[in-house]
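Chains as they are written, first to last, in the working numbering: chain Z, 1 to 245; chain B, 1001 to 1259.
To be clear, the hints were calculated from the coordinates, so they are not data collected in a lab. You may find that some hints are simply not true.
What the hints assert, rightly or not - Keeping only pairs whose Cα atoms sit at most 25 Å apart, straight-line, the calculated DMTMM-like set for lysine to aspartate or glutamate is:
| # | chain 1 | residue 1 | chain 2 | residue 2 |
| --- | --- | --- | --- | --- |
| 1 | Z | K153 | Z | D94 |
| 2 | Z | K178 | Z | E66 |
| 3 | Z | K153 | Z | D128 |
| 4 | B | K1052 | B | D1038 |
| 5 | B | K1095 | B | E1186 |
| 6 | B | K1052 | Z | D128 |
| 7 | Z | K153 | Z | D58 |
| 8 | B | K1052 | Z | D88 |
| 9 | Z | K153 | B | D1132 |
| 10 | Z | K153 | Z | E116 |
| 11 | B | K1052 | Z | E219 |
| 12 | Z | K153 | Z | D23 |
As the list claims (entries may be wrong) - Pulled a few chain Z residues facing chain B out of the computed Cβ check, cut under 8 Å:
| # | residue |
| --- | --- |
| 13 | Y32 |
| 14 | V45 |
| 15 | L47 |
| 16 | Y71 |
| 17 | R74 |
| 18 | R75 |
| 19 | Y79 |
| 20 | A85 |
| 21 | M98 |
| 22 | G99 |
| 23 | R102 |
| 24 | F126 |
| 25 | F214 |
Every value quoted in this text rests on a predicted model; they were computed, and no experiment measured them. Note that CB positions come from ideal geometry on N, CA and C, so glycine has one too.
Now for the letters of each chain:
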Amino acid sequence: MQDVHKAFGSRVILDGVTLSARDGETLAVIGYSGAGKSVLLKSIVRLLVPDRGVVHVDGQDVSQLERDELYDMRRRVGYVFQFAALFDSMNVFDNVAMGLRRIRMPEAELAERVIESLRLVEMNGFEDRLPAQLSGGQRKRVGLARAIATRPKYVLYDEPTTGLDPVTTAVIDGLILKMSRELGVTSVVVTHDMKSAYRVADRIAMLYQGGIRFIGTPEEIQRSEDPVVHGFIEGLPELAQEAAA
Amino acid sequence: MNAWTSPIAWVGRSALDTAAGFGRFGSFMTGAARATRDARTWGQLVVFHMAKLGVESLPIALFIAAFTGIVMALQASYTFTGAVPLYFVGVLVGKTIILELGPVLTGLALAGRVGANIAAEIGSMRVTEQIDALETLGYDPFAYLVVPRVIAGLLMFPICVAFANAIGVVGGWITAINLLEMSTPEFIRGLRLFFRPFDIQYSLIKAASFGLAVTSIGCFYGFNTTGGAAAVGRSTTQAVVVSSMLILVLDAFWAIVLL
């Protein structure tokens, strides 16, 4: 994305963000709550339309896509929502099958793909459960299975570990790495959990006051002397406030 | 701003808000109309929603109609005593049920049941990002959520009203022969006296327009829900209030245009 701006009323969220993900990498986007991380992610698949700037996916300007081209592009991008966003009227199997039914996959192949996707996230055996019968971590895993069922080229993760206990967080992080390794997807992971970011990311970008404050490898960010970055990753609010002032 | 100008400003703001609301609804309906091209998505969902909106609403529609028929027969008899032949009970029951009370009372009941259900369901999907999820899976949410419900409403409201009309008249007839010392031929004589086949068409045209109004307003408020559980409640209430008002406006509109 290049020079992306987005405001809600008078509140500026993104103020000229330029950021790109390399093929096959996992890019973590960190930042304070309300910094615009989810807005950035939603702009990639045009769930939100930037006020200014361009977003390219596979060289296509997302804002210029016609309706059919847009849905075609979205099928190449899996999206894992913060609270999973499972369809609560459907069981786990049908949730995971939704994207596959859209591309008219034959039923036998579809069933096989759903089972395989659920196996990848270690949720096989839960096909008949409703989302209400799952724990938070299980829902996130089903959300991930749904996102990868169509074997997308890219996967976007919106706060995949928020609200989970440390063990489940580590499990989800492991799954993100597994998706990257086994399916070769390019991932963008929005998080404010530094442990997760270090575990899964090839590069980490920090979003701060509408722009990218820092981008580099996990090792580089840990060596950063920028007080805003340092204050955030070490959880030192006084340092960050001092730098902001 | 002083006490004299603030009411004017309020009127101005309200007018602008109303105009903006119409604009948003127009844009929403344009999106829905465009999504009708995606028949592959909505086609397979229409029957499900017809059952959900129509078949499941039938008991309440019939319950209201039956009691309306009973009351109409008793009130007609009370009004006509001595002055008008009793078989006019059949005229009044038939005409008022078919032309007015059948479609309007059924429409209002279904605005509460169907409109609230649609707004709450879609509103919950909006606030839990399920609509965004649909989009990311390659579905047009208009084609998946709005079009099948609106088509189901358009088709099922007239069917519910047709049954309600029939049950309303039967309720009036049973009351007439049991409580008003009328015979069946007398009641039928009154029923047929001013009956025109157009009455049925008129009733069903109104019902179809109510179906369109209730389902599209429910979808519109559900779709535009922002916030959390409280916002879903607000959308649901607004959907019921606005669609109930729209039913009454449409009722007057069809009376002016078709009668």
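Do the hints match the structure? See the list:
1. Between the alpha carbons of Z:K153 and Z:D94 the distance comes to roughly 22 Å, so the proposed pair stays at or under 25 Å and holds.
2. At most 25 Å may separate the alpha-carbon atoms for a hinted pair to count; Z:K178 and Z:E66 exceed this at roughly 34 Å.
3. Restraint check for Z:K153 and Z:D128: the C-alpha separation of about 28 Å exceeds 25 Å, so the hint is violated.
4. The straight-line distance between the Cα atoms of B:K1052 and B:D1038 is roughly 22 Å, inside the 25 Å bound, and the hint therefore holds.
5. Of the supplied pair hints, the one linking B:K1095 and B:E1186 holds, its CA atoms being roughly 16 Å apart against a limit of 25 Å.
6. Between B:K1052 and Z:D128, the direct Cα distance comes to roughly 23 Å. Compliance with the 25 Å bound is thereby established for this hinted pair.
7. At most 25 Å may separate the alpha-carbon atoms for a hinted pair to count; Z:K153 and Z:D58 meet this at roughly 10 Å.
8. Pair hint B:K1052 plus Z:D88 holds up; C-alpha atoms about 17 Å apart against a cutoff of 25 Å.
9. At roughly 19 Å between alpha-carbon atoms, Z:K153 and B:D1132 fall within 25 Å of each other, so this suggested pair holds.
10. For the hint linking Z:K153 to Z:E116, the alpha-carbon distance of about 17 Å falls within 25 Å, and the restraint holds.
11. Restraint check for B:K1052 and Z:E219: the C-alpha separation of about 57 Å exceeds 25 Å, so the hint is violated.
12. For the proposed pair Z:K153 and Z:D23, the alpha carbon gap of about 9 Å is at most 25 Å, so the pair holds.
13. Below 8 Å, beta-carbon pairs count as interface contacts, and Z:Y32 has none with chain B, the closest being about 21 Å; its hint is therefore violated.
14. Checking Z:V45 against chain B: minimum C-beta separation of about 6 Å stays under 8 Å; hint holds.
15. For Z:L47, the interface hint holds, the least distance from its beta-carbon to any beta-carbon of chain B being 5 Å, beneath 8 Å.
16. Hint status for Z:Y71: holds, given a least beta-carbon distance of 5 Å to chain B, under 8 Å.
17. Of the supplied interface hints, the one on Z:R74 holds, with its beta-carbon coming within about 5 Å of a beta-carbon of chain B, less than 8 Å.
18. Annotation: Z:R75 was flagged as interfacial toward chain B, and the flag holds, the nearest CB pair being 5 Å apart, inside 8 Å.
19. The interface hint given for Z:Y79 is met, as the beta carbon of that residue sits about 4 Å from the closest beta carbon of chain B, less than 8 Å.
20. Taking 8 Å as the C-beta contact cut-off toward chain B, the hint placing Z:A85 at the interface holds, the least distance being around 4 Å.
21. Proximity of Z:M98 to chain B holds as hinted, the smallest CB-CB distance being about 5 Å (cut-off 8 Å).
22. Interface restraint check for Z:G99: the shortest CB-CB distance to chain B comes to about 4 Å, inside 8 Å, so the restraint holds.
23. Look at Z:R102: its Cβ gets to within about 5 Å of chain B, closer than 8 Å, so that hint holds up.
24. For the restraint placing Z:F126 at the interface with chain B, the shortest Cβ-Cβ distance is roughly 18 Å, beyond the 8 Å limit, so the hint is violated.
25. For Z:F214, the suggested interface contact is broken, since its CB lies about 28 Å from the closest CB of chain B, more than 8 Å.
Violated hints for the displayed structure, listed by number in ascending order: 2, 3, 11, 13, 24 and 25.
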